[in-house]
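2 protein chains.
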Amino acid sequence: MSPKLTGEILRQLRQAMRNCKYFPEPIQAYIIPSGDAHQSEYIAPCDCRREYICGFNGSAGTAIVTEQHAAMWTDGRYFLQAIQQMDNNWTLMKMGLKETLSQEDWLISVLPENSKVGVDPWIIAADQWKSMSKALTSAGHSLVAVQDNLIDVVWPDRPERPSTQLRTLGSEYAGISWQDKISTLRSKMTERKISWFVATALDEIAWLFNLRGADIEYNPVFFAYAIVGLDTIRLFVDVKRLSDPILREHLQLDSPSKPELSIQTFPYETVYSELQAICAALGPKDKVWICDKASCALTQVIPKAHRTLIPYTPLCLAKSVKNTTEIQGMKMAHIKDAVALCELFAWLEKEIPKGTVTEISAADKAEELRSQQKDFVGLSFPTISSVGPNGAIIHYRPLPETNRTLTQNEVYLIDSGAQYVDGTTDVTRTVHFGTPSAYEKECFTYVLKGHIAVSAAVFPNGTKGHLLDSFARAALWDSGLDYLHGTGHGVGCFLNVHEGPCGISYKTFADEPLEAGMIVSDEPGYYEDGSFGIRIENVVLVIPAKPKYNYRNRGSLTFEPLTLVPIQVKMMNTELLTEKELAWLNDYHRKCREVVGAELDRQGRKEALEWLVRETQPI
Amino acid sequence: MSPKLTGEILRQLRQAMRNCKYFPEPIQAYIIPSGDAHQSEYIAPCDCRREYICGFNGSAGTAIVTEQHAAMWTDGRYFLQAIQQMDNNWTLMKMGLKETLSQEDWLISVLPENSKVGVDPWIIAADQWKSMSKALTSAGHSLVAVQDNLIDVVWPDRPERPSTQLRTLGSEYAGISWQDKISTLRSKMTERKISWFVATALDEIAWLFNLRGADIEYNPVFFAYAIVGLDTIRLFVDVKRLSDPILREHLQLDSPSKPELSIQTFPYETVYSELQAICAALGPKDKVWICDKASCALTQVIPKAHRTLIPYTPLCLAKSVKNTTEIQGMKMAHIKDAVALCELFAWLEKEIPKGTVTEISAADKAEELRSQQKDFVGLSFPTISSVGPNGAIIHYRPLPETNRTLTQNEVYLIDSGAQYVDGTTDVTRTVHFGTPSAYEKECFTYVLKGHIAVSAAVFPNGTKGHLLDSFARAALWDSGLDYLHGTGHGVGCFLNVHEGPCGISYKTFADEPLEAGMIVSDEPGYYEDGSFGIRIENVVLVIPAKPKYNYRNRGSLTFEPLTLVPIQVKMMNTELLTEKELAWLNDYHRKCREVVGAELDRQGRKEALEWLVRETQPI
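So the protein lines, in turn, are chains Y and B. Letter 145 of the first sequence, counting from 1, is numbered 144 in numbering that gives the first Met the number 0, and no numbers are missing. Letter 28 of the second sequence, counting from 1, is numbered 27 in numbering that gives the first Met the number 0, and no numbers are missing.
Just chain Y, with the same shape it has in the complex:
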């Protein structure tokens, strides 16, 4: 990897910072965050502005350019990569180290008095704007919104914003019509005396209208905004996408059933002016709902007195509780996904002794096998296929220069998933094709105990997922071990593989309580730097539990695994497992054998079926 040469681009950017065409006065610093205008986790190539300016392409990082300096903040996962990808024009600011200045403090330390710091108000979230602005103002500077993005100005061959074909989801996949979703949203609005709701998150808009796109890799979403009033619906999207008759019929664009379900369509870019027009006509008591993570640009259009910021929108909350059709679809998707993985592991067992399988070719094989399954759309995230020491790099993605060969001597970790029209999958298995060491088995078994502790946990209705996180760690902690990531995240249904508002992580307190119908991952791990990585991940569905008692009639919940892929017994030290844990494991494997076995049989995949039967023998 050689670093990107950025001298000329930086010269041009600094010229733009002085150019009064973009801002009436010269600006002394320009902030380039890593997101898009929808605060997406994954972004389209046209939005990779931070990568364009500095060369660093990790998922998290903020660049700041002043007349004299260029600095880029990222966290511990990316220190090495950032150093390799950035040239000498850039200073790496290592977040999380005590001696590293915050962006605010660094700006204050390098800027001349009374400086202007520019940022694209569409890319920065309203709450980030607020804290940055406060810090700069208190030091005599000011944060200013530069409407033209200055990276775009100096990026001649910037890709177009994607505008892929839209796919409609009928009720056989979505379960609830978009009309009913609009009605539910409006009843929440009425309940809280809200007149307008502004939707900015791409997965929420896709979910609301039962539409999917392919604008962002791995995420079946499309660039759009929506503004829903009590009797109007405005959809902002590249209008060229709306010519398909099936789509027009789905959205009832030409013959709405009721006036309040008539969707008015507008060009994507006009959301700002339309929201301005709406706000100009607000009555004194009208309130507008917008997520507190929405862009500063859109948030500030709404006058403060009318603005109601919410951490999770009613769409985010409704989307997280899957309906019966979605649950059925997720189950089907996981069975198909298990078929592909059983095939993969059976194939790996045969091929690895030949010494020809690498991290990359194994990942490719997994994708190939998944793509043979019905309604396969694509992967849900880049496959983490990692051998030995690479497994200890939590966000590893095999590259030609790091690619290792799978052998019978090292632990293999594969974290992968797919988008099917009926659901989204995400599964991690850690296996050994020879004989694991006693230490590898011991660590694997602690991780397994943690996985089971969460999966089998019974807890009261209303419990937040973060309260379950320690269950996943107790066995590791007992032996002085731990892992430095959360235990689980929400999973969308043919939507983003990471979604809010629920999860299982000690890092947050603001997650919403778990409810029956929510779907999260359960993925404890252990990582021995330079040696191996272990993670056991299932996607699990929150379901009602029926324990002996029912304190204060609150009801109880537990989890049902949707992922049905055997967990390698060879990696376990079964002496460390309790009877309850052994029973859980045997029951899980029995279910894998029955459910996935039937599908393997139906698909005539004999070798994989043999592998499955062997790997699910009771212990």
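Think of the hints as simulated: they come from the structure by calculation, not from any bench. Source: prediction; values computed, not measured. Don't take every hint at face value.
Which copy? The list can't say, so a pair holds if one copy fits it or any two copies do.
Claimed, not checked - When the alpha-carbon atoms are kept at most 27 Å apart in a straight line, the in silico DSSO-like pairs for lysine-lysine are as follows: (1) Lys463 - Lys506; (2) Lys303 - Lys133; (3) Lys547 - Lys579; (4) Lys133 - Lys286; (5) Lys129 - Lys303; (6) Lys364 - Lys330; (7) Lys129 - Lys286; (8) Lys192 - Lys133; (9) Lys547 - Lys286; (10) Lys284 - Lys115; (11) Lys545 - Lys506; (12) Lys463 - Lys97; (13) Lys364 - Lys547; (14) Lys440 - Lys590; (15) Lys97 - Lys187; (16) Lys284 - Lys97; (17) Lys180 - Lys463; (18) Lys286 - Lys3; (19) Lys569 - Lys547.
Since chain Y is already given, all that's left is putting chain B on it; use the hints.
Only chain B this time, still in chain Y's reference frame:
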């Protein structure tokens, strides 16, 4: 209990609200919070203003009086009590119920336009002022600071502010001299470039100067403020208290060893004007540290640009990590406390069959026995002595009208503790003097499993206590049971029985990580309304643990019980206990027998010793 008649007092208060002597314009509402100027949990009689105005004497509640209305907000623990104690002039606002308006919303709903809402700025914390003021302002009203407390104005026989004798703690109790504590504080200040620190919490001031008072029942503190600069120390306290030569010597008031350790003493009331004078002389870069829970009055004296608000002060943090002398003292205090409790239980066993022991007489007996121990000062909180259904009332305190007799047919719960010069105790035991039902035993055993799960937990350095809370609940949750309070609180050393910044509670996220030397309670419970209450509480010390591995050299922690009182085996269904749990229990009882047994023997308390030996037989 008959309600307090408040018609005349309310008339007088409303007159004062209109009186321009107290505020230049009439005020339309007056807020009476329940705290004192130091945001103490327990308050002195002179500060019981909310009780005086409405009659309700629970620990939490806020009264608001307008021209037409009088309303009082409290939480579910106190609904019944508040209804009994307040007359018809008052409306009870039941906090936690969906339909109950917040104080802000209620004020906005009843006030005429452009109203002034008054409050004593010494009683309201700065952050509460801020949010209340914001809400009122956005509705066209304003929150105003009324310097004279209007309750005091209409309270003719208001008690004097206590000014009890101060007690000095030598290094044999405190472990660290106040001079060294000042030095450590100043090095923290220098590190963070802070010029002044304002101490407002009474326990922090008592800890800093190695002094104790008796101004507030159960809390060995005294009314004071302190302002520490880099080379000056100002102590604000009723100066009459400073005449004792031992005290003058302790504080080196007459011959300070170094000029920067010279304590300037000022009358308690002058803290405001002194802080004003300090702030008037601040340099442009000078910063003043104050807790974000300090009073609005003092906080607002410090100009915003110079004010650094902190959630936990350096004194709070330093105080929470006990030094070796304090740990030794806490251990001694707990042994003495165990002696008293062994005596109590042996006595109860003999007396209960006679039918003469009540909740109140049992509590009195416990106090009497504790008072026989060396260095006994008083109780650390009102004893919760509760039989049968009274045990299900979590904050129960026996009163003549609720007093039940202890029998061989009902569960008895006693939660009690004392202040000794060498330490503070807090212990709960739940026992049966006849034959407990299978259900009572089952519930008790789940609670015990939770208690052991926390006490025996091993966890990485840097773990926050709230992450351990679910361990205490897992066994209850498994059977559909739970309890609605946190699992543990920080405990002071001859200081407040509740202290920050650490604890074990799902309710907070902002607790500070546990460190070796911190002391917390471990007190899961189960409460069956109308039948019985169960709680098992030990005070435990955070100590280093030495598990097999040491991930990333972080080190591990666990707990050592300081409380050494047998847990009644008769209440257990031992079949539900794992081998590990049985081993923990036998080991705990062995330690009780050895350590407390030796002290009982030394004190010649034979019957209690026999009881102890019998109750700690291995199972």
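Hints, one by one, checked against the model:
When the C-alpha separation of Lys463 and Lys506 is checked against a cutoff of 27 Å, the pair qualifies both within a copy, at 12 Å, and between copies, at 11 Å. Both within a single protomer and between protomers do Lys303 and Lys133 lie at most 27 Å apart by alpha-carbon distance, with minima of 17 Å and 13 Å respectively. Taking identical chains as interchangeable, the C-alpha atoms of Lys547 and Lys579 lie at most 27 Å apart whether they share a chain (17 Å) or sit on different chains (24 Å). For the identical chains of this complex, Lys133 and Lys286 are neighbours both inside a copy (26 Å) and across copies (18 Å), given an alpha-carbon limit of 27 Å.
Taking the shortest Cα distances, Lys129 and Lys303 sit within 27 Å of each other both inside one copy (13 Å) and across copies (18 Å). With identical chains, the CA atoms of Lys364 and Lys330 are at most 27 Å apart within one copy only, with a shortest distance of 23 Å there and 63 Å across copies. When the C-alpha separation of Lys129 and Lys286 is checked against a cutoff of 27 Å, the pair qualifies both within a copy, at 21 Å, and between copies, at 23 Å. In the homo-oligomer, the alpha carbons of Lys192 and Lys133 lie at most 27 Å apart only across protomers (20 Å), although the nearest pairing inside one protomer, at 31 Å, exceeds that limit.
Taking the closest pair of Cα atoms, Lys547 and Lys286 never come within 27 Å of each other, the shortest separation being 46 Å inside a single copy and 58 Å across copies. For the identical chains of this complex, Lys284 and Lys115 are inter-copy neighbours only, at 23 Å across copies versus 36 Å inside a copy, given an alpha-carbon limit of 27 Å. When the C-alpha separation of Lys545 and Lys506 is checked against a cutoff of 27 Å, the pair qualifies only between copies, where the shortest distance is 26 Å, while the shortest distance within a copy is 30 Å. Only between protomers do Lys463 and Lys97 lie at most 27 Å apart by alpha-carbon distance; the minimum there is 20 Å, versus 31 Å within a single protomer.
In this homomeric assembly, Lys364 and Lys547 never come within 27 Å of each other (Cα to Cα): the closest approach is 47 Å inside a single copy and 39 Å across copies. Within a single copy, Lys440 and Lys590 get their C-alpha atoms as close as 24 Å, which meets the 27 Å cut-off; across copies the closest is 36 Å, which misses it. In this homomeric assembly, Lys97 and Lys187 come within 27 Å of each other (Cα to Cα) only across copies, at 16 Å, whereas the closest approach inside a single copy is 45 Å. Taking identical chains as interchangeable, the C-alpha atoms of Lys284 and Lys97 lie at most 27 Å apart only when they sit on different chains, with a minimum of 22 Å there against 47 Å within one chain.
For the homomeric pair Lys180 and Lys463, the shortest alpha-carbon distance inside one copy (25 Å) is at most 27 Å, but the shortest distance between copies (40 Å) is not. In this homomeric assembly, Lys286 and Lys3 never come within 27 Å of each other (Cα to Cα): the closest approach is 47 Å inside a single copy and 43 Å across copies. When the C-alpha separation of Lys569 and Lys547 is checked against a cutoff of 27 Å, the pair qualifies only between copies, where the shortest distance is 23 Å, while the shortest distance within a copy is 35 Å.
In summary, the structure is inconsistent with hints 9, 13 and 18 from the numbered list given earlier, while agreeing with the others.
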